[in-house]
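Engineer: Chains A and B are the protein sequences, given in the same order. Position one of the first sequence corresponds to residue 1 (the numbering used here), numbered consecutively onward. Position one of the second sequence corresponds to residue 1001 (the numbering used here), numbered consecutively onward.
The set of hints was computed from the structure by calculation and includes no laboratory data. Mixed in with the good hints there might be a few duds.
FRET-style restraints, in silico, Cβ to Cβ [stated by the list, open to error]:
1) B:Asn1108 with A:Ala105: 31 to 41 Å
2) B:Leu1089 with A:Lys131: 20 to 30 Å
3) A:Ala57 with B:Leu1022: 43 to 53 Å
4) A:His126 with B:Arg1112: 35 to 45 Å
5) A:Pro96 with B:Leu1093: 24 to 34 Å
6) A:Leu104 with B:Gln1050: 41 to 51 Å
7) B:Arg1070 with A:Ser177: 54 to 64 Å
8) A:Pro70 with B:Ile1105: 32 to 42 Å
9) A:Glu23 with B:Gln1050: 27 to 37 Å
10) A:Ala164 with B:Leu1062: 28 to 38 Å
11) B:Glu1083 with A:Ala18: 41 to 51 Å
Glycine included, every Cβ here is placed at the ideal spot set by N, Cα and C.
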Amino acid sequence: MNTETGRHPGLNLGSGHADAHGEAEALVFGFWVFMMSDLVTFGLLLATYVTMLDNLAGGPGPKDLFELKPVFIETLVLLTSSLTYGMAVLSLKHGPGHRVGPVLAWLGLTLMLGLAFVAMEAKDLHAILGKGGAPQRSGFLSAYWALVPLHALHVTAAAIWLMAIAAQIWRFGLDTSVKTALLRLGVLWHFLDVVWIAIVSVVFLGGLA
Amino acid sequence: MTAPVETEDETGTPDGTPQQELRSYLWGYGLSLLLTLPVFGAVAWEWLSQTALWWAIGAAALGQIAVQFRFFLHIRLKGQAKEDLQLILFTALILGMMGGGTIWILHNLDSRMGGP
């Protein structure tokens, strides 16, 4: 075991990237505080959802609306995208001589998985609308539409951010601001995994059990 | 590229050699799958009673969240420069009070009002 100090959440770039590693501590910590406030938002929307579970107003409930198989595939896609994002940051950290190829390749794969997740999620929401599950139908559905699409919106925003960073890598190479941006996006990307686990467990698995 | 010598350095990395780092990510991925697949299976094929399922889902979710924080967000129990872990615990406390309180109070109100 080593007893080194981790300067910030997520992979630390270390002394091989002295400038970025020095700047990252304050930047990633600030972003981490922001993520924790986001966690409160999601947590309270989840609590609201739980209080609304019985308020169906004669409309469709969880067992009428949700399907396990697409949720299962979405979960696998999101978990895998977390691994590929980790690979992108690892190849940034250890890639010889600032080669952008491997970093961009892993980021591209992560983007594909993220966009696939959003597309499947959109398809699910459309299917729910088709089953009479519009947000205004009942308190339960209002709470559902406040919670689950908000997470998909976060993933969409993260994917757009990823494209912006990839464009910067393409244009400017792996400079210090690109490196610290990648560390912050990594925190967001892995954080969205944690939120999705909570949503899957309470909304989908809990609702279908 | 020389061999990594950063482990003793004050500005170094806490994550060990590149091989250890890679292995740590793969472990995280493997554990997260291990905590996902059986739970989906149990729900899909109803391996347990409903109450047991809910307990299993809750336990797997907590384990999964711990795995995500440990292996992907690199939160450790000690050796952080900033109060990253304390922030998580404080946020969990706030959520426990506000989220748990919301569910408790509204459920209580519901039963007093003769709800379903």
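Engineer: Hint numbers the structure violates, sorted upward?
Structural biologist: 1, 2, 5, 7, 9 and 11
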